[in-house]
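*Asks:* Sequence:
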Amino acid sequence: MVRAVVGANWGDEGKGKITDMLAEKSDIIIRFQGGSNAGHTIINHYGRFALHLLPSGVFYDHTTCIIGNGVALDVQKFIDELNEVIAGGVPKPRILVSDRAQIIMPYHVMFDAYEEERLGKKSFGSTKSGIAPFYSDKYAKIGFQVQELFDEEALREKVYRVLEAKNILLEHMYHKAPIDPEELLKTLASYRDAIAPYVCDTSAYLYNAIKEGKNILLEGQLGSLKDPDHGIYPMVTSSSTLAAYGAIGAGIPPYEIKDIITVVKAYSSAVGAGEFVSEIHDEEEAAKMRNHGGDKGEYGATTGRPRRMGWFDAVATRYGCRIQGATQVALTVLDALGCWDELKICVGYELDGEVIKDFPVTTKLAKCKPVYKTFKGWNCDIGGIREYDKLPKECRDYVEFIEKEIGVPVTMVSNGPNREDIIYR
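Position 259 (the sequence shown) corresponds to 259 in the numbering used here; numbering is contiguous.
If you're looking for bench data, these hints aren't it; they were derived computationally from the structure.
In this text the structure is predicted, and so the values were computed from the model without any measurement.
Some hints here could point you the wrong way.
What the hints assert, rightly or not - Distance condition first, Cα-Cα at most 20 Å in a straight line; then the derived SDA-like pairs of lysine to any residue: (1) Lys376 to Tyr424; (2) Lys367 to Ile356; (3) Lys344 to Lys258; (4) Lys25 to Val109.
To be verified - So the derived label-pair ranges between C-beta atoms look like this: (5) Tyr233 to Glu212: 15 to 25 Å; (6) Glu183 to Met1: 44 to 54 Å; (7) Lys186 to Asp381: 52 to 62 Å; (8) Ala140 to Ser190: 24 to 34 Å; (9) Tyr205 to Glu283: 25 to 35 Å; (10) Tyr160 to Gly213: 42 to 52 Å; (11) Ile142 to His45: 36 to 46 Å; (12) Tyr205 to Val355: 47 to 57 Å; (13) Ala87 to Asp389: 24 to 34 Å; (14) Glu350 to His175: 22 to 32 Å; (15) His175 to Cys339: 43 to 53 Å.
Note that CB positions come from ideal geometry on N, CA and C, so glycine has one too.
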């Protein structure tokens with residue numbers, strides 16, 4: 001059976017914990033899109049880890065973890081992260097890397113930083129991990145697949161050809177030094193040697209695994225609202241964040257994805273720029289929510305940047321669940337709301353004097369104002385509770401209202417950062 005774990009919002013929903021938890025009963029865990037530009041924070045008996053490229057199943061000795069063809073593979077970060085996990089006492093995981101995955105080139109990271117610098121105040125709030133230049137090159141057909149590293153003659157010809165255009169941009173648009181093709185080829189040779197033990201035809205491997213009835217988990221990065229087609233364009237990421245893309249990014253048939261667990265945060269948060277209707281603009285109030293937001297507060301796992309905070313947005317979340325095709329919802333970080341006397345849920349947007357319930361396109365979103373419904377807080381610590389009926393009534397009212405608004409069953413409620421901090425409904 002193939003299941004997907006994806007986010008409903010702006011990312012940072014707590015997918016890493018849910019994937020880590022579900023990986024216990026999975027045989028194979030696959031990263032199918034994105035790169036090292038976002039992270040999953042995982043806390044288990046080995047310690048606390050921020051994963052960026054490695055699938056969240058690396059902590060189990062029975063799993064195979066796959067980096068799919070849809071991933072932007074930063075080879076050096078992959079090796080560094082693997083070494084960090086092993087140094088943390090985790091047994092060396094079994095990892096396979098798709099021979100069709102494409103590589104983040106050193107110049108992708110450079111171009112990312114230079115373009116953000118050039119744009120100044122109009123920048124996209126990039127993590128400067130090279131993601132946008134990487135996907136631009138992929139679809140312009142001048143990217144480099146893993147398999148190309150193993151054909152030295154063809155690789156040399158292509159590197160020289162691609163750098164002709166790159167160096168013109170570097171010198172004349174960004175006023176930076178050109179790239180030496182021979183130095184780049186040395187770097188790519190080191191990438192080849194580092195990645196060689198992991199490379200295989202992962203699509204063929206998965207075809208056989210599905211025939212054998214293996215339990216497979218697709219792990220998404222970021223959330224619905226950062227999808228380049230269906231998100232808050234242009235303040236989005238450069239690869240599809242939707243479960244549907246899992247079939248493409250892993251190389252499996254779409255009809256094999258039977259269950260889409262969509263992770264929803266009990267309030268809202270976002271890193272980077274973009275429209276955010278339910279954002280809390282009072283800095284004292286935002287800081288209160290940020291610093292109670294799960295383990296070590298609401299700061300980006302990759303950047304360390306403080307996240308923008310907001311009340312739960314039922315309009316955005318309902319849309320995010322719909323576009324993912326959610327079959328069930330895992331509601332996370334509910335424990336972080338235990339310090340509030342009063343809570344709000346955004347139940348609609350006011351646009352040009354009318355209240356709308358459907359999530360609009362970005363140009364309209366910029367004009368929207370939140371319409372709130374107020375709830376009584378439970379004002380106590382709910383950590384350690386394992387049975388739903390033992391949660392305070394106010395807390396259950398909050399969960400059940402969310403479930404009704406988004407129209408998808410909330411089957412899991414996370415009330416703490418650890419793997420075992422979960423309530424099944």
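*Asks:* Which hints from the list above does the structure break, by number from lowest to highest?
*Replies:* Violated hints (numbers, rising): 1, 3, 4, 5, 9, 13, 14; every other hint is consistent with the structure.
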